Every structure is written in C-alpha cells, then in structure tokens.
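So the protein sequences, as listed, match chains A and B. So that you can map any letter, position 2 of the first sequence is 2 in the numbering used here, and since no number is skipped, the others follow by simple counting. So that you can map any letter, position 82 of the second sequence is 82 in the numbering used here, and since no number is skipped, the others follow by simple counting.
Everything labelled a hint here was simulated from the structure, so no lab data went into it. A few of these clues could be false.
[Stated by the list, open to error] Taking lysine to any residue pairs in the SDA-like style, the calculated list, with each CA pair at most 25 Å apart, reads:
hint, chain 1, residue 1, chain 2, residue 2
1, A, K119, B, P5
2, A, K110, B, E92
3, A, K30, B, I19
4, A, K25, B, D32
5, A, K30, B, S53
6, A, K134, B, E92
7, A, K134, B, I88
8, A, K13, B, R61
9, A, K110, B, I62
10, A, K13, B, D20
11, A, K90, B, L97
12, A, K25, A, E60
13, A, K13, B, N120
14, A, K110, B, S53
15, A, K13, B, I88
16, A, K110, B, A87
17, A, K30, B, P84
18, A, K25, B, T31
19, A, K119, B, I88
20, A, K13, B, P84
21, A, K13, B, R24
22, A, K13, B, N105
23, A, K110, B, D32
24, A, K110, B, A85
25, A, K110, B, V52
26, A, K110, B, P84
27, A, K134, B, T68
28, A, K25, B, I88
29, A, K25, B, L112
30, A, K25, B, N65
These figures come from a predicted structure and were not determined experimentally.
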Amino acid sequence: MITLNRDRLLIHKDQDVVILRNRVKEYATKIGMGLVNQTKLITGTSELVRNMLRYAQGGEVLIEVVSRGRENGIRLTFSDRGPGIADLDKAMQDGFSTGRSLGLGLPGTKRLMSEFSIKSAPGEGTTVTVIKWKNG
Amino acid sequence: MDRIPILKMGQFLLVTIQIDLYDRIALNLETDLVQMIHKTGARGVLIDISAVSIVDSFMGRILGNIATMSKILDAETVVVGMQPAVAITLVELGLPLNGVFTALNVERGMNLLQSRLASNPDEEEDEDDNPE
Ligand SMILES: Nc1ncnc2c1ncn2[C@@H]1O[C@H](COP(=O)(O)OP(=O)(O)O)[C@@H](O)[C@H]1O
Ligand SMILES: [Mg+2]
Numbered sequence: 001m002i003t004l005n006r007d008r009l010l011i012h013k014d015q016d017v018v019i020l021r022n023r024v025k026e027y028a029t030k031i032g033m034g035l036v037n038q039t040k041l042i043t044g045t046s047e048l049v050r051n052m053l054r055y056a057q058g059g060e061v062l063i064e065v066v067s068r069g070r071e072n073g074i075r076l077t078f079s080d081r082g083p084g085i086a087d088l089d090k091a092m093q094d095g096f097s098t099g100r101s102l103g104l105g106l107p108g109t110k111r112l113m114s115e116f117s118i119k120s121a122p123g124e125g126t127t128v129t130v131i132k133w134k135n136g
Numbered sequence: 001m002d003r004i005p006i007l008k009m010g011q012f013l014l015v016t017i018q019i020d021l022y023d024r025i026a027l028n029l030e031t032d033l034v035q036m037i038h039k040t041g042a043r044g045v046l047i048d049i050s051a052v053s054i055v056d057s058f059m060g061r062i063l064g065n066i067a068t069m070s071k072i073l074d075a076e077t078v079v080v081g082m083q084p085a086v087a088i089t090l091v092e093l094g095l096p097l098n099g100v101f102t103a104l105n106v107e108r109g110m111n112l113l114q115s116r117l118a119s120n121p122d123e124e125e126d127e128d129d130n131p132e
C-alpha cells in the first residue's frame, strides 16, 4: 500500500468533528469517491470521533490518501490515550454500550467501511484504523 | 450560538436544519423543540433535513427522541427530505429510524401532518373548551 498524502488533526471538542468531516470530504472528493461511499465514510468518522471525545477526552486523527493496486482510498487512524477497552468482542457487538447510548458506533462503522481494525487494551488507549476504497 | 431556529406556522413547528450538525446542536434542538411544543400547544413538528449530509447514530437517536417526546405532548413529527445516501447509510449503520414518520419534501410532510391531525381532532376541541 502506498500513501499519497497525509494530514493530522487533533480532536478535543465537540465542534472539531465538523472540521474533520470537511477535511475528510475534501480528500474523498479529490480522489473521486462517489456520494454514497463518502457519506458512509463521513458517518463512520463521526461515530469514531464521538467515541474518542466521550470515552477518551479526545485524541488524534490521521487522514491518508492511500493506493493499492489500481484502487485509491482514504485511510483514517483514530488514536487516543484514554482508558482503553477491556472486552473488544463485546464492544464490537450491536447494542453494547457503557455510555447508555445505542452501541452502534463500532459495529456500525465496521459495516460502513471497506476495512476496519481496532487495537485497544485497558490503560493503553485505543487505535481504530479504517479504509474506505473509492469503489469499495 | 449552537441553536437552530424553530418557526411556528399555525399549529405546526417548522425546523430547517441548514448547518452541519454536531452533538451539542442536536441536543439543544431536542430541548428547544420539546419546550416549544409545550409552550405553543403545537400539534405537529416538521423537520427538514434536506441540507444535512450526514446523520449518525447520535443524531438519528435524537430524531427518534423528538418524535417520541412530541407524541407524549400530543404532536406528530415528520422528518422530510432525507438524502438517499443518508438513508442508505443509516440502514447499514443499523438505525433505520423506525417509528419516525418521513416524507419526501416539505409539502408532502405538511400534507401528512394535516391528514393525521384531521383524523385525530379531539384534543384540539378540548383545548378550545378549557379557559386558561
Ligand atoms: N475510544 C474509546 N475508548 C474507550 N472505550 C471506547 C472507545 N470507543 C468505544 N469504547 C467502548 O466501546 C463501547 C461501544 O462503542 P460504540 O459501539 O461506539 O457504542 P456507544 O458509543 O453507543 O456506547 C462504548 O460504550 C465504550 O465502552
Ligand atoms: Mg459510540
């Protein structure tokens, strides 16, 4: 996989999600991603940023334009130094929430993206990496 | 400020969301609408989201909450103008907005509210009978 472009944004407050969504949209438009895929990508972005803010008081998002073979896409890496997730299998289930919300953020985002991976351990923060391919 | 204006049109409240939503704004809208329904006795709420390019699980839940709470206050809610890409995404996310009335555009949303009100006019008479 080749990275064509790289951008980094810090997230500490609610409104930062608007800046991030716009930035992601810019890159997605630049590589010619269609509206439905853009909407899925940006909706997932919104979910993951909310998790960062709510469970880890914020963090950092890396936006990359990547290319593999003939496919171009957007890769986003959300990393925080929050409390981490004790049971990842549970956290990935529809409806599981420790925040009394819908518990759709992680599993729903996984469905919306082309690729999804999560690394987390108690006390070591959480890193979620997603890719949305232009035609994926 | 983080607030979306609410217009009163006859018995209905009309909200047109024209800015990018984030959680605080959505929460404020929920509170403001409930207060406004209570204060005005409005019988319907129409929320136009045609300019909204994303709805995630939080905002989706708020739309559902608004519909539920307005129902308790005897008002119907219709969400109009959802972009197809938003609808597709919501279903895949796992939140198909069950229980929220939707309509293609403001005109049809108004018609829907009016016909629901016409088929359920009792409470309105009650209000007229009750002096303040
Ligand atoms: N960045 C994070 N740091 C710590 N815990 C997290 C993080 N993201 C998610 N979680 C945990 O995973 C659970 C599921 O997250 P999610 O699927 O987004 O649903 P919700 O946010 O509605 O609870 C959360 O309730 C929380 O316990
Ligand atoms: Mg979440």
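Taking the hints in turn, this is what the structure says about them:
no., hint, verdict
1, A:K119 with B:P5, "violated, 42 Å"
2, A:K110 with B:E92, "holds, 10 Å"
3, A:K30 with B:I19, "holds, 23 Å"
4, A:K25 with B:D32, "violated, 30 Å"
5, A:K30 with B:S53, "holds, 18 Å"
6, A:K134 with B:E92, "holds, 18 Å"
7, A:K134 with B:I88, "holds, 17 Å"
8, A:K13 with B:R61, "holds, 21 Å"
9, A:K110 with B:I62, "holds, 22 Å"
10, A:K13 with B:D20, "holds, 15 Å"
11, A:K90 with B:L97, "holds, 24 Å"
12, A:K25 with A:E60, "holds, 17 Å"
13, A:K13 with B:N120, "violated, 44 Å"
14, A:K110 with B:S53, "holds, 20 Å"
15, A:K13 with B:I88, "violated, 28 Å"
16, A:K110 with B:A87, "holds, 17 Å"
17, A:K30 with B:P84, "holds, 22 Å"
18, A:K25 with B:T31, "violated, 30 Å"
19, A:K119 with B:I88, "violated, 28 Å"
20, A:K13 with B:P84, "violated, 29 Å"
21, A:K13 with B:R24, "holds, 10 Å"
22, A:K13 with B:N105, "violated, 33 Å"
23, A:K110 with B:D32, "violated, 33 Å"
24, A:K110 with B:A85, "holds, 17 Å"
25, A:K110 with B:V52, "holds, 22 Å"
26, A:K110 with B:P84, "holds, 20 Å"
27, A:K134 with B:T68, "violated, 38 Å"
28, A:K25 with B:I88, "holds, 18 Å"
29, A:K25 with B:L112, "violated, 34 Å"
30, A:K25 with B:N65, "violated, 29 Å"
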